[in-house]
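Participant: 1 is the number of the first residue of the sequence shown in UniProt numbering; add one for each residue after it.
Hints listed in this document are in silico derivations from the structure and should not be mistaken for laboratory results.
Honestly, I wouldn't trust all of these hints.
[To be verified] Straight-line Cα separation of at most 25 Å, DMTMM-like style, residue types lysine to aspartate or glutamate; simulated pairs:
hint, residue 1, residue 2
1, Lys17, Glu60
2, Lys17, Asp77
3, Lys17, Glu54
4, Lys17, Glu62
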Amino acid sequence: MEFFSPVSISPFSRPIKAQLQQFVRLLPVFFVLMSYGALSSSSALSNLGVVYSEQGRLQEAEASYRAALRHAPAMADTHFNL
Numbered sequence: 001m002e003f004f005s006p007v008s009i010s011p012f013s014r015p016i017k018a019q020l021q022q023f024v025r026l027l028p029v030f031f032v033l034m035s036y037g038a039l040s041s042s043s044a045l046s047n048l049g050v051v052y053s054e055q056g057r058l059q060e061a062e063a064s065y066r067a068a069l070r071h072a073p074a075m076a077d078t079h080f081n082l
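Construct the entire structure; sequences and hints are all you get.
Facilitator: And the structure:
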């Protein structure tokens, strides 16, 4: 079972609303896995930035993207989203 799918905005992917619903539904699992070191905090922060951006919370999105890049400066998708 796949717990997480990459959040992307693409005409070939599922509609963003469905992706956001999946993200919100799995958010508690996401943070539990992060707390045990099972997930990269940089990808979590980048995905959070996508959610904030889609909600129009652009300052929070930028802060999340920048925090993700502090952890993993080579994340091309995060640079693109920023």
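Participant: All hints, please: hold or fail.
Facilitator: Checked hints:
1. Lys17 / Glu60: Distance ~19 Å between lysine 17 and glutamate 60 Cα, so the pair holds.
2. Lys17 / Asp77: Answer holds: lysine 17 to aspartate 77 is near 20 Å, not above 25 Å.
3. Lys17 / Glu54: 9 Å, holds
4. Lys17 / Glu62: 20 Å, holds
In this structure, none of the earlier numbered hints is contradicted; all agree with it.
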